[in-house]
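Starting from the known structure of chain A, arrange chain B on it as the hints suggest.
Protein chains: 2
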Amino acid sequence: MEFSMTRTVEVLSATPAAVRGLLGGLSGEWTASASREDWGPFDVVGHLIHAEHTDWIPRARVIVEQGEDRTFPQFDRSGHFALVEGKSLAQLLDEFDAARRQSIDTLAGWNLTDDQLNLQGLHPEFGPVTLRQLLSTWPVHDLTHLRQVATSMAKRYDGAVGPWKEYLSILK
Amino acid sequence: MEFSMTRTVEVLSATPAAVRGLLGGLSGEWTASASREDWGPFDVVGHLIHAEHTDWIPRARVIVEQGEDRTFPQFDRSGHFALVEGKSLAQLLDEFDAARRQSIDTLAGWNLTDDQLNLQGLHPEFGPVTLRQLLSTWPVHDLTHLRQVATSMAKRYDGAVGPWKEYLSILK
Numbered sequence: 000m001e002f003s004m005t006r007t008v009e010v011l012s013a014t015p016a017a018v019r020g021l022l023g024g025l026s027g028e029w030t031a032s033a034s035r036e037d038w039g040p041f042d043v044v045g046h047l048i049h050a051e052h053t054d055w056i057p058r059a060r061v062i063v064e065q066g067e068d069r070t071f072p073q074f075d076r077s078g079h080f081a082l083v084e085g086k087s088l089a090q091l092l093d094e095f096d097a098a099r100r101q102s103i104d105t106l107a108g109w110n111l112t113d114d115q116l117n118l119q120g121l122h123p124e125f126g127p128v129t130l131r132q133l134l135s136t137w138p139v140h141d142l143t144h145l146r147q148v149a150t151s152m153a154k155r156y157d158g159a160v161g162p163w164k165e166y167l168s169i170l171k
Numbered sequence: 000m001e002f003s004m005t006r007t008v009e010v011l012s013a014t015p016a017a018v019r020g021l022l023g024g025l026s027g028e029w030t031a032s033a034s035r036e037d038w039g040p041f042d043v044v045g046h047l048i049h050a051e052h053t054d055w056i057p058r059a060r061v062i063v064e065q066g067e068d069r070t071f072p073q074f075d076r077s078g079h080f081a082l083v084e085g086k087s088l089a090q091l092l093d094e095f096d097a098a099r100r101q102s103i104d105t106l107a108g109w110n111l112t113d114d115q116l117n118l119q120g121l122h123p124e125f126g127p128v129t130l131r132q133l134l135s136t137w138p139v140h141d142l143t144h145l146r147q148v149a150t151s152m153a154k155r156y157d158g159a160v161g162p163w164k165e166y167l168s169i170l171k
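One line per chain: the protein sequences are A and B, in this order. Take the first sequence: its position 110, counted from the start at 1, is 109 in numbering that gives the first Met the number 0, and no numbers get skipped. Take the second sequence: its position 101, counted from the start at 1, is 100 in numbering that gives the first Met the number 0, and no numbers get skipped.
Treat the hints as calculated values from the structure; they're not laboratory data. Misleading hints may appear alongside valid ones.
[Stated by the list, open to error] Computed Cβ-Cβ distance ranges for the label pairs, DEER-style:
id	chain 1	residue 1	chain 2	residue 2	range
1	B	23	A	126	17 to 25 Å
2	A	89	B	85	36 to 44 Å
3	A	127	B	171	19 to 27 Å
4	A	127	B	4	48 to 56 Å
5	A	86	B	86	35 to 43 Å
[What the hints assert, rightly or not] Here are the simulated lysine-lysine pairs, DSSO-like style, with alpha carbons at most 30 Å apart:
id	chain 1	residue 1	chain 2	residue 2
6	A	171	B	164
7	B	171	A	171
8	B	86	B	154
9	B	171	A	164
10	B	154	A	164
11	A	154	A	171
12	B	154	A	171
13	A	154	A	86
14	A	164	A	154
15	B	154	A	154
16	B	171	B	154
17	A	154	B	164
18	B	164	B	154
19	B	171	A	154
Quick caveat: nothing in here was measured; it's all calculated off a predicted structure. Note that the Cβ used here is the ideal one computed from N, Cα and C, for glycine as well.
Next comes chain A alone, as it looks inside the complex (with noise of 0.2 Å):
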């Protein structure tokens, strides 16, 4: 499927409340990390947060400018951690709803062209990439850690599910 700004909005306006429906009303056990590296859904929320504010739309403004310098800004996969501290999930998942529309706002705001769709930034690793490339992986981001979360949650119940085990491919 080719790139267009309409679906990559569904998808991106969709994601707050798949999250909200899957964890809004979950008790701690279901969503708590195992560890700094082990992300249970609180810490993906934090962390589908961090992005919105550091990530998706200041990298699309780097290409958008066309500035002197085109690299995009790092991102710290770990820059959530600040972020979650002492709050509860359902601050988050506020949180994540309100970066993710106002994201949604700037990019509308921008109404970008085909022309613009095709400028590059420079991806700090792997050089240059285009808007288009940029705004497509953003929605795939979204549906990775989602898919992320349900695989944190299932395992959960790998032990409880006996010998349904060997039917559930989530859980190998």
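Only chain B this time, still in chain A's reference frame:
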């Protein structure tokens, strides 16, 4: 994590909202199936409805009632194709919501004791399983299919993300 009825029902209650949040506003390009074998979100929701009708509660009832024959009815993995025919995704999301509510009501009405949770039924393929294991498998099955939905959607942007593909485990 050990099985608990409360935690199990938390996830069972969350899934329809999660699925609706994710899929409710998407165009068919994100949700259609590629083929009868390669299910997109549309067929996954159909499968979840079909399992409400013919799998979880019917099997649990076989155990709860402890009749002469405790072998579970077979579950037809293609059984949803008839159910979804001619329907919109919006209709299926409503049907899943209603069917799941009814399942949870039935479950709550049974007021299951610990002793009942230890009762067994006979899986047609792998033999004796407890009610506790069946009820643990139900939310994990939800999460497996939520993961499948996320994966199926992400793969549609496989080419669009360009060099980011290397970093996105969901596309591997």
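### Task
Mind checking the alpha carbons of residue 171 of chain B and residue 154 of chain B for me, to see if they're no more than 30 Å apart?
Roughly 9 Å separates the two Cα atoms, so the pair holds.
#### Entry: Distance restraint evaluation - residue 23 of chain B, residue 126 of chain A, Cβ atoms, bounds 17 to 25 Å
Given about 38 Å between the Cβ atoms, the range is violated.
### Query
Under the criterion that the straight-line Cα-Cα distance not exceed 30 Å, is the pair residue 154 of chain B, residue 164 of chain A satisfied?
holds, 26 Å
### Message
Between the beta carbons of residue 127 of chain A and residue 4 of chain B, is the distance compatible with 48 to 56 Å?
### Response
Cβ of residue 127 of chain A to Cβ of residue 4 of chain B: about 54 Å, so the range 48 to 56 Å holds.
### Message
Please verify whether residue 164 of chain A and residue 154 of chain A have alpha carbons no more than 30 Å apart.
### Response
holds, 10 Å
### Query
Does the hinted range 19 to 27 Å hold for residue 127 of chain A and residue 171 of chain B at CB?
holds, 23 Å
### Message
Just to be careful, I want the Cα atoms of residue 171 of chain B and residue 154 of chain A compared with a cutoff of 30 Å; is the pair within it?
### Response
holds, 21 Å
### Task
Below or equal to 30 Å on CA atoms is what counts here, so check residue 154 of chain B against residue 154 of chain A.
holds, 24 Å
### 36 to 44 Å as the expected CB spacing between residue 85 of chain B and residue 89 of chain A, which holds or is violated
Distance hint for residue 89 of chain A, residue 85 of chain B holds at roughly 40 Å.
### Query
Holds or violated: residue 154 of chain A with residue 164 of chain B, Cα cutoff 30 Å?
holds, 26 Å
### Query
Does residue 154 of chain B lie within 30 Å of residue 86 of chain B when you go C-alpha to C-alpha?
Between residue 86 of chain B and residue 154 of chain B the Cα gap is close to 24 Å, so the pair holds against 30 Å.
### Query
Holds or violated: are the alpha carbons of residue 164 of chain B and residue 154 of chain B at most 30 Å from each other?
holds, 10 Å
In terms of the numbered hints stated before, the structure departs from hint 1 and from no other.
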